[in-house]
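Since chain Z is already given, all that's left is putting chain H on it; use the hints.
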Amino acid sequence: MQYVDEFRDPELITKASEEIRRLADPKRHYRIMEVCGGHTHAIYRFGLKDILPSNIELIHGPGCPVCVLPMGRIDDGLAIAKAPNTIFAAFGDMMRVPGAHGSPLEHKARGTDVRIVYSPADALELARKYPEKEIIFFAIGFETTAPSTALTLMSAKAEGIHNFSVFCNHVTIVPAIRAILDSPDMRLDGFIGPGHVSTVIGCRPYEWIARNEGKPVVTSGFEPLDLLQSIVMLLRQMQVGEAKVENQYKRVVPWEGNRAALKAMAEVFELRPYFEWRGLGFISQSALRLREKYAAWDAELRYSVPETRVTDPKAAQCGEVLKGVLKPAQCKLFGKECTPEHPIGALMVSSEGSCAAYYNYEYRKSLVTRISSVA
Amino acid sequence: MAHGAGGKASRRLVEGLFAPLLYPGSQEPLNDAAHLEVGGARIAFTADSFVVKPLRFPGGSIGELAVNGTMNDLAVSGAKGVAMTVTFVLEEGLTASVLEAEVRAMSKALKKAGVVMAGGDTKVVERGKADGMYITTAGIGTPLPDVKVDARSVRPGDKILLSGPIGDHGITILLARGELDFEADLCSDTRSVLPLVEALAAECGPGIRWMRDPTRGGVATALNELARDSGLGIELLEEEIPMHDAVRGACELLGLDPLHIANEGQFLAVVSPEYADIALNALQQTAGGEEARMIGQIQVEPANAVLVTTRYGGSRIVDMLVGDPLPRIC
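In order, the protein sequences belong to chains Z and H. According to the numbering used here, the first sequence is numbered sequentially starting from 10. According to the numbering used here, the second sequence is numbered sequentially starting from 26.
Read the hints as simulated data drawn from the structure, not as lab findings. Here the structure is a predicted model, which means the values were calculated and not measured. There's no promise every hint is true.
Claimed, not checked - Below, computed lysine-lysine pairings styled on DSS-like, alpha-carbon distance capped at 30 angstroms:
id, chain 1, residue 1, chain 2, residue 2
1, H, Lys78, Z, Lys142
2, H, Lys78, H, Lys148
3, Z, Lys91, Z, Lys142
4, H, Lys154, Z, Lys91
5, Z, Lys272, Z, Lys138
6, Z, Lys117, H, Lys148
7, Z, Lys138, H, Lys154
8, H, Lys137, H, Lys105
9, Z, Lys36, Z, Lys374
10, Z, Lys142, H, Lys154
11, H, Lys136, H, Lys148
12, H, Lys105, H, Lys133
13, Z, Lys323, Z, Lys336
14, H, Lys154, Z, Lys117
15, Z, Lys253, Z, Lys36
16, H, Lys78, Z, Lys91
17, Z, Lys58, Z, Lys24
18, H, Lys78, Z, Lys138
19, Z, Lys58, Z, Lys345
20, Z, Lys166, Z, Lys117
21, Z, Lys138, Z, Lys302
22, Z, Lys345, Z, Lys323
23, H, Lys137, H, Lys148
24, Z, Lys302, Z, Lys345
25, H, Lys78, Z, Lys117
26, H, Lys136, H, Lys105
27, H, Lys173, H, Lys148
Just chain Z, same shape as in the assembly (with noise of 0.2 angstroms):
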């Protein structure tokens, strides 16, 4: 399959592995952060840790728009979707994540109208579909998914469909970043810079990092030989102590981003003051909300919205873990009261979470003492 096999080549693979070895300094310890959760997905998924050398350590950062998703925004998002006649539209993703009173494939089975839409577009279609009924979409995602429900948004204003609206919670990935950087606990060496996401802004937004923290960042693709390339290139920068932004996701990710998304996403959204981040707490100007010409379809205008506050079991280390200073399985309730089945903590929540993909695919396989291939 074209854009996959390649990727996945075994002797590309090698060879990039070999390069790690011979690049990183056995006297040092590396700390490369991977911003985006489909990245941690991908490490997790293709075993990548069982490739590369026990000095470089991959810290799990906050891209992971399910997991960053404070609790009481579900709730909220549940509450409103009680009212009669309504369809509660959102991404496979969000279905299996708690709120304080279950999560949405819960609340379908009390009665609660609840689809599993593959775009915002699906879910204005919905409204075309049933117009006696309101569908409320509810947008979750960084930069990655705000154009399309941006340009959904322009769509439904052009067409004049009222019986359609979206509680917003998008968030954008460059304060989060910062955030993490704030932290005075955190001692990061780079970043593999978010892949999707930097398909609509481009590589540009990342320079600080490399200008003002002086923590080279690459933007990297999702295969296996992606994520060793960008390592690669990661470990050359800091061989010769250079800090800069490096695109390793070409075929992908155009430097200056992708101008007809960024134009959409500004027609419809601004920047709310401050809003909540699982884990991480409040970061100002962090998340998006709809400009005043979209309030016809903003769902926190057209509903009652309880402004629920749920705060996480004191127990769950979900921050720390956020924030890569401790492992997953360091949290005291990693694999005891927290599991991808009963998820506490925000990171077992989403696949993409550092957490439940660190407990679905690697978490037993410390027991493995040999590993013998098929004769």
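Relative to chain Z, chain H alone:
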């Protein structure tokens, strides 16, 4: 809903509620069909139910699925289906032509399998219930000579065979629902696996330790059950698992693991190592088994778990499915 999706929750329901109350004290393994002695004769006995939306899909329909699925449960327990019964639960307002089409599909599948329909029942429920129709079945069969299917007989070093490409059924159904805006040239793999099981039994009956058709929950769930029932570990070689490009592509796009996707015409077999090559050859020489592969082996570690390794050296644990597979978008 998760309790019906064939993964962890389904198993908890069976082990935690059904088995202890309905079959107390049983030492029998949880297989796809029970083997019982009735009036001095050994018979295999199974029950199944079919809930699928849409009722017709590329490559098959619920009626055909009901016959093949019931016969496959018997086949992978090491038995040849002889007769079955069927119960239709019909939604008020279902058109006669839709029902007739399904009955005809069943009739065709019965003829092909050489199985007798011994009886049935019909119920009608209110409009808005039963998605058009649900079908439940029971099937009986005669055990194949020299074949014993028991997870507890599996040993380290045993080889794992898969009869053909995975994921066709699950992805076909997902696309047939019309909620996704893409198309693929794919058909459900629904078929009777009995000819393949018989070929295997004829060549290496005593070498067969375990078989299962990886329906809901896919290959990952079936093998996790084996790992837990045997207390052993399973190693799969990712590159050896046969799969059509359309399935692989759809799974990459939707963030699904093909190992969790349902199949309706494939089966897994664990055979002792000395029979492995004979077994693979027997499958590949049988019509419909050309794409069979040896996909892995049984090991001591990781106990109770399934480990997938790749040619480039990475590995990961693959767990049972929890609930239905949900696409990842954001």
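Quick rundown of the hints versus the structure:
1. The suggested pairing of H/Lys78 with Z/Lys142 holds, with an alpha-carbon distance near 23 angstroms, which does not exceed 30 angstroms.
2. A distance of roughly 19 angstroms separates the Cα atoms of H/Lys78 and H/Lys148; the hinted pair therefore holds under the 30 angstroms criterion.
3. Between Z/Lys91 and Z/Lys142 the alpha-carbon distance is near 12 angstroms, which keeps this suggested pair within the 30 angstroms criterion.
4. For the given pair, H/Lys154 sits about 22 angstroms from Z/Lys91 by alpha-carbon distance, which is consistent with the 30 angstroms threshold.
5. Among the hinted pairs, Z/Lys272 with Z/Lys138 is consistent with the structure: their alpha-carbon atoms are about 29 angstroms apart, no more than 30 angstroms.
6. For the given pair, Z/Lys117 sits about 27 angstroms from H/Lys148 by alpha-carbon distance, which is consistent with the 30 angstroms threshold.
7. A hinted pair counts as satisfied when its Cα atoms are at most 30 angstroms apart, and Z/Lys138 with H/Lys154 qualifies at roughly 21 angstroms.
8. About 13 angstroms separates the Cα atoms of H/Lys137 and H/Lys105, which keeps this hinted pair within 30 angstroms; it holds.
9. For the suggested pair Z/Lys36 and Z/Lys374, the alpha carbons sit about 27 angstroms apart, so the restraint of at most 30 angstroms is met.
10. Proposed proximity of Z/Lys142 and H/Lys154 is supported: the alpha carbons are some 21 angstroms apart, at most 30 angstroms.
11. About 25 angstroms separates the Cα atoms of H/Lys136 and H/Lys148, which keeps this hinted pair within 30 angstroms; it holds.
12. Only pairs whose Cα atoms come within 30 angstroms are accepted, and H/Lys105 paired with H/Lys133 is accepted, the gap being roughly 18 angstroms.
13. A hinted pair counts as satisfied when its Cα atoms are at most 30 angstroms apart, and Z/Lys323 with Z/Lys336 qualifies at roughly 17 angstroms.
14. Only pairs whose Cα atoms come within 30 angstroms are accepted, and H/Lys154 paired with Z/Lys117 is accepted, the gap being roughly 16 angstroms.
15. Straight-line distance between C-alpha atoms of Z/Lys253 and Z/Lys36 comes to about 24 angstroms, which keeps the hinted pair within the 30 angstroms bound.
16. With a C-alpha separation of about 26 angstroms, the suggested pair H/Lys78 and Z/Lys91 falls inside the 30 angstroms cut-off, and the hint holds.
17. For the suggested pair Z/Lys58 and Z/Lys24, the alpha carbons sit about 16 angstroms apart, so the restraint of at most 30 angstroms is met.
18. This hinted pair checks out: H/Lys78 and Z/Lys138 have alpha carbons roughly 20 angstroms apart, not beyond 30 angstroms.
19. At roughly 24 angstroms between alpha-carbon atoms, Z/Lys58 and Z/Lys345 fall within 30 angstroms of each other, so this suggested pair holds.
20. Of the supplied pair hints, the one linking Z/Lys166 and Z/Lys117 holds, its CA atoms being roughly 29 angstroms apart against a limit of 30 angstroms.
21. At roughly 25 angstroms between alpha-carbon atoms, Z/Lys138 and Z/Lys302 fall within 30 angstroms of each other, so this suggested pair holds.
22. Proposed proximity of Z/Lys345 and Z/Lys323 is supported: the alpha carbons are some 15 angstroms apart, at most 30 angstroms.
23. About 27 angstroms separates the Cα atoms of H/Lys137 and H/Lys148, which keeps this hinted pair within 30 angstroms; it holds.
24. For the given pair, Z/Lys302 sits about 48 angstroms from Z/Lys345 by alpha-carbon distance, which is inconsistent with the 30 angstroms threshold.
25. A C-alpha spacing of about 18 angstroms is found between H/Lys78 and Z/Lys117, which places the hinted pair at or below 30 angstroms, so the restraint holds.
26. With a CA separation close to 14 angstroms, the supplied pair H/Lys136 and H/Lys105 stays within the 30 angstroms bound.
27. Taking the CA atoms of H/Lys173 and H/Lys148, the gap is about 37 angstroms. The hint is violated against a cut of 30 angstroms.
Hint compliance for this structure: hints 24 and 27 are not met, and every other hint is.
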